[in-house]
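Chemist: Given next are the chains, with one letter for each unit.
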Amino acid sequence: MILRYELPQQARDKIKLTENERIYYAVPIDINDEGNWCSDSYLVVTTLKVYVISGDRIKSFEIKELKKATAQAGVGNGILVVDHNGTEMILANYSAKHLSRYAYVARGINILISGRFEEVESNEYEKICPKCGHVIPGTKECPHCSENGRFFGGFVRLVRTYKMDFLGVFMMMVVIAIMTLLSPEVQKRLINNVLKKDGEMKTAMLYLGIMFACSIGIVIMNVLKSNASARLGSKISSDLRLQLFEKYQKLPLSFINERRPGELLNRITEDTKYISGFMADIFCNLFAILFIFIWDVIFMLILNVKLALMTLILVPIVAVLMVRFQKTIGRIYHLQFKKNDDVASDLQDVLSGMRVVKSYGNEEAESSRFKHLSDGLSLIQKRNDRYWAFTDLVISALMGMGLVIVVYFGGRDVFGQKMSAGELYQFVAYTLLLFQYVGWLDRLPRDFSRLTSCLDRIYDILGQDVKEEDPKALTDLDIKGEITFDHATFGYKSYQPVLSDINAVIKPGEMIGIVGASGTGKSTLINLLMRLYETDDGRILVDGVDMKNISRNSYHSQLGVVLQETFLFSGTIIDNIRFSRPDATIDEIIRAAKLANAHDFVSKLPDGYNTYVGEKGYTLSGGERQRIAIARAILTDPKILILDEATASLDTESEFMIQTALDRLTNGKTTFAIAHRLSTLKNADRIMVIDGHSIAEIGTHSELLNNKGIYYNLFTAQTR
Amino acid sequence: MSENNTINMYEKKAEEMTATHMITAEAVFEKTEGGFLSLEYDGKHYDRIKVVRLFPFSDANRYISVREHDGNSEIGIIEDLGQMSEKTQKLIEHQLNLCYFTPVISKIFKIKDEYGYAYFHVMTDKGECKFAINMGSNAVTKLSDTRLIINDVDENRFEIRDVDKLSMKERRMLDLFL
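Chains as they are written, first to last, in the numbering used here: chain A, 1 to 720; chain B, 1 to 178.
Quick caveat, the hints were computed from the structure, so don't treat them as lab data.
Treat each hint with caution, since some may be false.
Some chain A residues well away from chain B (every beta-carbon gap over 10 Å; in silico) [as the list claims (entries may be wrong)]:
{"id": "1", "residue": "51"}
{"id": "2", "residue": "131"}
{"id": "3", "residue": "175"}
{"id": "4", "residue": "228"}
{"id": "5", "residue": "306"}
{"id": "6", "residue": "324"}
{"id": "7", "residue": "331"}
{"id": "8", "residue": "386"}
{"id": "9", "residue": "395"}
{"id": "10", "residue": "453"}
{"id": "11", "residue": "551"}
{"id": "12", "residue": "557"}
{"id": "13", "residue": "618"}
For lysine-lysine, the following BS3-like pairs were computed, each having C-alpha atoms within a straight-line distance of at most 27 Å [unchecked claim]:
{"id": "14", "chain 1": "A", "residue 1": "59", "chain 2": "B", "residue 2": "90"}
{"id": "15", "chain 1": "B", "residue 1": "130", "chain 2": "A", "residue 2": "338"}
{"id": "16", "chain 1": "A", "residue 1": "371", "chain 2": "B", "residue 2": "165"}
{"id": "17", "chain 1": "A", "residue 1": "327", "chain 2": "B", "residue 2": "31"}
{"id": "18", "chain 1": "A", "residue 1": "371", "chain 2": "B", "residue 2": "142"}
{"id": "19", "chain 1": "B", "residue 1": "130", "chain 2": "A", "residue 2": "140"}
{"id": "20", "chain 1": "B", "residue 1": "107", "chain 2": "A", "residue 2": "339"}
{"id": "21", "chain 1": "B", "residue 1": "31", "chain 2": "A", "residue 2": "339"}
{"id": "22", "chain 1": "B", "residue 1": "112", "chain 2": "A", "residue 2": "97"}
{"id": "23", "chain 1": "A", "residue 1": "59", "chain 2": "B", "residue 2": "142"}
{"id": "24", "chain 1": "A", "residue 1": "127", "chain 2": "B", "residue 2": "142"}
{"id": "25", "chain 1": "B", "residue 1": "169", "chain 2": "A", "residue 2": "382"}
{"id": "26", "chain 1": "B", "residue 1": "130", "chain 2": "A", "residue 2": "97"}
{"id": "27", "chain 1": "A", "residue 1": "382", "chain 2": "B", "residue 2": "107"}
{"id": "28", "chain 1": "A", "residue 1": "358", "chain 2": "A", "residue 2": "371"}
{"id": "29", "chain 1": "B", "residue 1": "31", "chain 2": "A", "residue 2": "338"}
{"id": "30", "chain 1": "B", "residue 1": "169", "chain 2": "A", "residue 2": "338"}
{"id": "31", "chain 1": "B", "residue 1": "142", "chain 2": "A", "residue 2": "339"}
{"id": "32", "chain 1": "A", "residue 1": "339", "chain 2": "B", "residue 2": "90"}
{"id": "33", "chain 1": "B", "residue 1": "112", "chain 2": "A", "residue 2": "339"}
{"id": "34", "chain 1": "A", "residue 1": "131", "chain 2": "B", "residue 2": "110"}
{"id": "35", "chain 1": "A", "residue 1": "97", "chain 2": "B", "residue 2": "12"}
{"id": "36", "chain 1": "A", "residue 1": "338", "chain 2": "B", "residue 2": "112"}
{"id": "37", "chain 1": "A", "residue 1": "131", "chain 2": "B", "residue 2": "130"}
Covered, in the sense of this in silico footprint (three residues per stretch, anywhere, with C-beta under 8 Å from a C-beta of chain B), are these stretches of chain A [unchecked claim]:
{"id": "38", "segment": "68-76"}
{"id": "39", "segment": "79-91"}
{"id": "40", "segment": "94-104"}
Bear in mind that the values here come from a model prediction, so they are computed numbers and not experimental data.
Idealized CB from N, CA, C, for every residue including glycine.
Model the full structure from these sequences, guided by the hints.
Modeler: Next up, the structure:
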């Protein structure tokens, strides 16, 4: 994302940079004071000052007079607010287009305020190409502007990877094209040499035999070619799917978070599906048809130039009409799909909310609403079908006209002895062949560009740089369990910090209870500890070593996690317990299950430890799943333990079972436990209260009670 | 004893949240140096307040909630902005413009669709502009049969108040999204 735009000369003249002043950020302000769009305003941040330029006016603020900058998001816009000598001031108003840009700039200003000179950089992509104004479909470079993304770029790359397979399919297509073009020639000879000359049965049989062989050959070759190209398609898509999946696992979670979840899923499912579909339906005919088309025209010209030109005049007319019709048809059918969607979603709404509808006696109102939608759909359907029939008629009529022209003028030539009857027949066959593929050719550019944009998106992900960890810089650490938060700051979205400036030292073996209202960042803190994300600013140290410098394997093997909702993979119970340590022996697993109070309920299951659980398997209750998760955690004998609402939403009995299991687990380990019910934190050595993105209070239970702060209020409210 | 006090405090807070205060013309809004609004109401002074539309679509200028700066507690509701003094109206409208930005489309010059995205060139009440929407997603929300909200790829919002008021040609261009 661009944080330093090129300023127009007029704006540049206004800023008089002093010697050791340099422009850090320059971003447009696109809404003016009256709340209208504007294009002549900029916010410029330099080493020393913040400038607000709007047209001729310029305001400037010394960085050292500022305390804090925040980018506040509104509805469809946002404002940049700074604290200038204790007064909060609005510096800029901008549309949603610049929301995240300003968040980075605000962060950059804050870094300058704190006396550091690092420059903030954004890894997010631009959504609209600043050069050509086209939407960039989720890739780093604009496919319209960048050279390697241009049109066939992705396709060429694909062909290069699967050279031999493509060559095979290509050869088959050439053979088919030759055979298709050959059969009218044979037919001509049949007419000229046999029918017109009272030819012998033998020659007739010969020609018929060749024709028959040709048709059979075409069918066989077609089957072979379709097979080969479908196979190639699924090979390509499965290769790409696999590569994508592997890449996803390597990419940092922050990359995944910057994108909508559906988008990433679509790369694997939809984009690769399109590619295999394209190979099977379009590519397999591509060269065959192009080949046929070109030679078809050449043969027609050879046979009869005059006639050919007359027919070919019709081709552009038919082509233009078809393009027109197809556009309209695309449009009106799109409309029909939308209406269809409306009906389906309304139906779904009403059916799933049937109890509410019935209990309020609203059946009639719902019925009439549904009728309205359904009528709308049927009206459009009727209209569309009529249109469809009409276009079909027009196109067929035009093609028919072409044939009439050919037969009329060609017939005259035949009678005038300028052309043989067989040649006329051949010509008619070529004309039909030509019209057959005109419509198909028109679709080609669109299908191709869709394919390339699919490929671009996939290659974009595959080409993503993964920060390869330097194995030399990483250490394997035997963790004792001291954790230090050193100015740790983090946010999922660039413009919304979730945790800022967290500072704390946790002693080895200490149990920390984490308390706070929902949405304050408790789970985020834990995500950081689990190393799912990396801090934006500041550090987290484990035994004095920066977490980023500990090798992932070593760290994760000493970390245990029990979350609120335990996810069991499809597989048996033993597989699920073993998940944390694949080399665990059966004895160890049983011991872990016993410690987790899971052994007894597992013994009661008919299939014991071999019980199949997961999405389609045996359903375990919440408490049972939780105990499996605890067994999983016990198995690794972790040094650091994370419990995220491990006992929430359980009934009292299973809560007791789990609590005792947890007590065994946490004994002597550095533990972080999030809880809403404070009673579950009675064993905690210290309590950390998170509020307003940072640690509001930290201390022992009694310290915090004496403090009479947030914890005290929570505690009294809960123990009432 | 002190525990009881806390409980009473919570109860009082909960009770207070149920009360609705109407802000009338007596309240004094002032623009602060930084461009925000301060309020003098019911004998209390608020350095910086926040205004929120309760019915941004159906009643943009009625039922405006005036809240403390952090947005957590409501000071009161302005039932009808039109009933306030002209100066107050201006101040509040300006403040609303800072938190809401939904240009209303008055004229469509061109819509071009290309490879799954539609490029709009329109005139709005905030000036002329161009934007692009993703045709695959639900970029167009229907508030009613004739009223549309369009979300562009940058998450900007645009509104079409009444589709029927557009010309035949403009409507045909829009057809794809209705």
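Chemist: Taking the hints in turn, state whether each one holds.
Modeler: Tested hints:
In this structure residue 51 of chain A is separated from chain B by more than 10 Å, as the shortest Cβ-Cβ distance comes to about 17 Å. The non-interface label for residue 131 of chain A is consistent with chain B: the shortest C-beta to C-beta separation is roughly 14 Å, beyond 10 Å. In this structure residue 175 of chain A is separated from chain B by more than 10 Å, as the shortest Cβ-Cβ distance comes to about 34 Å. Residue-level check passed: residue 228 of chain A sits 29 Å from the nearest beta carbon of chain B, beyond 10 Å.
Every beta carbon of chain B lies more than 10 Å from that of residue 306 of chain A, the smallest distance being close to 41 Å; the non-interface claim holds. Every Cβ of chain B is farther than 10 Å from the Cβ of residue 324 of chain A; the closest lies at roughly 14 Å, confirming the non-interface assignment. The claim that residue 331 of chain A lies off the interface is violated: its Cβ sits roughly 5 Å from the closest Cβ of chain B, which falls inside the 10 Å cut-off. Even its closest Cβ contact with chain B, about 16 Å, leaves residue 386 of chain A beyond 10 Å, as expected for a residue assigned away from the interface.
Residue placement check: residue 395 of chain A keeps its beta carbon more than 10 Å from all beta carbons of chain B (closest about 23 Å). Distance check for residue 453 of chain A against chain B: the nearest CB is about 6 Å away, which does not clear 10 Å, and the non-interface claim fails. Here residue 551 of chain A stays apart from chain B, with its beta-carbon at least about 39 Å from theirs, past the 10 Å limit. In this structure residue 557 of chain A is separated from chain B by more than 10 Å, as the shortest Cβ-Cβ distance comes to about 41 Å.
Non-interface status of residue 618 of chain A relative to chain B is upheld: no Cβ of that chain comes within 10 Å, the nearest being about 38 Å off. Using a Cα cut-off of 27 Å, the hinted pair residue 59 of chain A and residue 90 of chain B holds, with the two alpha carbons roughly 24 Å apart. The hinted pair formed by residue 130 of chain B and residue 338 of chain A meets the criterion: a straight-line CA distance of about 25 Å does not exceed 27 Å. For the suggested pair residue 371 of chain A and residue 165 of chain B, the alpha carbons sit about 26 Å apart, so the restraint of at most 27 Å is met.
With a C-alpha separation of about 54 Å, the suggested pairing of residue 327 of chain A with residue 31 of chain B is violated against the 27 Å cut-off. Restraint check: the Cα-Cα separation between residue 371 of chain A and residue 142 of chain B comes to about 18 Å, which is no more than 27 Å; the hinted pair holds. Distance hint between residue 130 of chain B and residue 140 of chain A is fulfilled; the C-alpha atoms sit about 22 Å from each other, no more than 27 Å. For the hint linking residue 107 of chain B to residue 339 of chain A, the alpha-carbon distance of about 25 Å falls within 27 Å, and the restraint holds.
For the given pair, residue 31 of chain B sits about 48 Å from residue 339 of chain A by alpha-carbon distance, which is inconsistent with the 27 Å threshold. Distance check on the hinted pair: residue 112 of chain B and residue 97 of chain A sit about 20 Å apart at the alpha-carbon level, within 27 Å; holds. For a cut-off of 27 Å, the pair hint linking residue 59 of chain A to residue 142 of chain B is broken: about 42 Å separates their Cα positions. Restraint check for residue 127 of chain A and residue 142 of chain B: satisfied, since their Cα atoms lie roughly 25 Å apart, inside the 27 Å limit.
With a C-alpha separation of about 23 Å, the suggested pairing of residue 169 of chain B with residue 382 of chain A holds against the 27 Å cut-off. Of the supplied pair hints, the one linking residue 130 of chain B and residue 97 of chain A holds, its CA atoms being roughly 12 Å apart against a limit of 27 Å. For the proposed pair residue 382 of chain A and residue 107 of chain B, the alpha carbon gap of about 31 Å is over 27 Å, so the pair is violated. Our distance criterion of 27 Å between C-alpha atoms is met by residue 358 of chain A and residue 371 of chain A, whose separation comes to about 18 Å.
Our distance criterion of 27 Å between C-alpha atoms is broken by residue 31 of chain B and residue 338 of chain A, whose separation comes to about 47 Å. Proposed proximity of residue 169 of chain B and residue 338 of chain A is supported: the alpha carbons are some 21 Å apart, at most 27 Å. This hinted pair checks out: residue 142 of chain B and residue 339 of chain A have alpha carbons roughly 12 Å apart, not beyond 27 Å. Between residue 339 of chain A and residue 90 of chain B the alpha-carbon distance is near 42 Å, which puts this suggested pair outside the 27 Å criterion.
For the suggested pair residue 112 of chain B and residue 339 of chain A, the alpha carbons sit about 22 Å apart, so the restraint of at most 27 Å is met. This hinted pair checks out: residue 131 of chain A and residue 110 of chain B have alpha carbons roughly 20 Å apart, not beyond 27 Å. The hinted pair formed by residue 97 of chain A and residue 12 of chain B fails the criterion: a straight-line CA distance of about 43 Å is larger than 27 Å. Straight-line distance between C-alpha atoms of residue 338 of chain A and residue 112 of chain B comes to about 19 Å, which keeps the hinted pair within the 27 Å bound.
With a CA separation close to 14 Å, the supplied pair residue 131 of chain A and residue 130 of chain B stays within the 27 Å bound. Note: the segment 68-76 of chain A has 3 residues with beta-carbon separation from chain B under 8 Å; the three-residue rule is met and the coverage holds. Counting residues of the segment 79-91 of chain A whose C-beta sits closer than 8 Å to any C-beta of chain B gives 7, which meets the bar of three, so the coverage hint holds. Against chain B, the segment 94-104 of chain A contributes 4 residues with a C-beta closer than 8 Å to a partner C-beta. That satisfies the three-residue criterion, and the hint holds.
Violated hints for the displayed structure, listed by number in ascending order: 7, 10, 17, 21, 23, 27, 29, 32, 35.
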